[in-house]
Amino acid sequence: MSLCTGLLNIAVSALDPTDPVVKQAAVPRNPVYDLTPGILVNNLVTGVCDVCLVQTDFHTRHCKRCNRCVAGFDHHCKWLNTCIGSRNYRTFIALLAVGWITALGYLANSIYIIYLFFYQKDVYLRRVADIFDLDTPQPDARASAVIGADVLVGCLTFLNWMAVSAVTQILVFHLRLRRTGQTTVDYLNELDDRRHAEAHLPPGVPTTGRVRFLRRLQTVSNAVRHTIRRVLRLPNPANGPTDLPYSYWKPPQQPEPVPLNAL
Numbered sequence: 056m057s058l059c060t061g062l063l064n065i066a067v068s069a070l071d072p073t074d075p076v077v078k079q080a081a082v083p084r085n086p087v088y089d090l091t092p093g094i095l096v097n098n099l100v101t102g103v104c105d106v107c108l109v110q111t112d113f114h115t116r117h118c119k120r121c122n123r124c125v126a127g128f129d130h131h132c133k134w135l136n137t138c139i140g141s142r143n144y145r146t147f148i149a150l151l152a153v154g155w156i157t158a159l160g161y162l163a164n165s166i167y168i169i170y171l172f173f174y175q176k177d178v179y180l181r182r183v184a185d186i187f188d189l190d191t192p193q194p195d196a197r198a199s200a201v202i203g204a205d206v207l208v209g210c211l212t213f214l215n216w217m218a219v220s221a222v223t224q225i226l227v228f229h230l231r232l233r234r235t236g237q238t239t240v241d242y243l244n245e246l247d248d249r250r251h252a253e254a255h256l257p258p259g260v261p262t263t264g265r266v267r268f269l270r271r272l273q274t275v276s277n278a279v280r281h282t283i284r285r286v287l288r289l290p291n292p293a294n295g296p297t298d299l300p301y302s303y304w305k306p307p308q309q310p311e312p313v314p315l316n317a318l
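Using my numbering, you'd call the opening residue of the sequence shown number 56 and step up by one each time.
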């Protein structure tokens, strides 16, 4: 399984997720663009990438780390040093599944060794003696080797548990995205919009504890920004486009009743 995980890792990194439209166009790139993360260089209206200067699909995004337009862009994986798009997404899911099975096998093996330590001490000591080649009659050397083996098993069990937990979370997250038909970018944008909306609810709207916390957090953030502007004597900008109007949160107006004599 470890060999299969390594091969899938290489396969995900080797598959080029670049949009084939950009490859076929072969247009010289624009060398000047904003490198700030979070600022799109793809025009969501026309679909033209400001870097590749090619009209692409709506789900294509230009990754600033890889400096290429990725078809069906999901996210940039820093662990694999590549972008995950429509071309290598299924291989990426297979890598997560095989990696999860591999990590689970390592964890089960660690738990079995701990079981031997507590319930079959003689078997555990024989295995430690075989691993460390303990044919010496000196008890101090055997005791040191056993203590070292105990520490090693404990550390490996903890690391395997962390690996299983991390891979399980990522795998379940992407299976959920597949069920809802979203990408990681879509999910993060939706989450950011929801948090922003909850933090800007007007007074009088029923709120939950989470909304009240976000509102207090927004108040503290505004106070900090106001203090920085006052200390540095910066101009106070007007409300930007990120501020949602209160009218957005007004409940829908009920239609006025029609008089009977008008019927």
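Hint data in this document are derived by calculation from the structure and do not stem from the laboratory. All values reported here derive from a predicted model rather than from experimental measurement. Using N, Cα and C, we set each Cβ at its ideal position, and we do this for glycine too. Hints are supplied without guarantee of correctness; some may be wrong.
Across the chosen pairs, the derived CB separations fall in these ranges [said to hold, decoys possible]: (1) Pro83 <-> Ala149: 28 to 38 angstroms; (2) Leu62 <-> Cys121: 17 to 27 angstroms; (3) Leu108 <-> Leu58: 19 to 29 angstroms; (4) Phe213 <-> Leu99: 41 to 51 angstroms; (5) Phe213 <-> Val87: 26 to 36 angstroms; (6) Thr282 <-> Cys59: 53 to 63 angstroms; (7) Arg233 <-> Val87: 34 to 44 angstroms; (8) Ala149 <-> Ile186: 38 to 48 angstroms; (9) Leu159 <-> Ile283: 23 to 33 angstroms.
> Which earlier hints turn out false for this structure, listed by number in ascending order?
Replying inline: Those not satisfied are hints 3, 5, 8 and 9.
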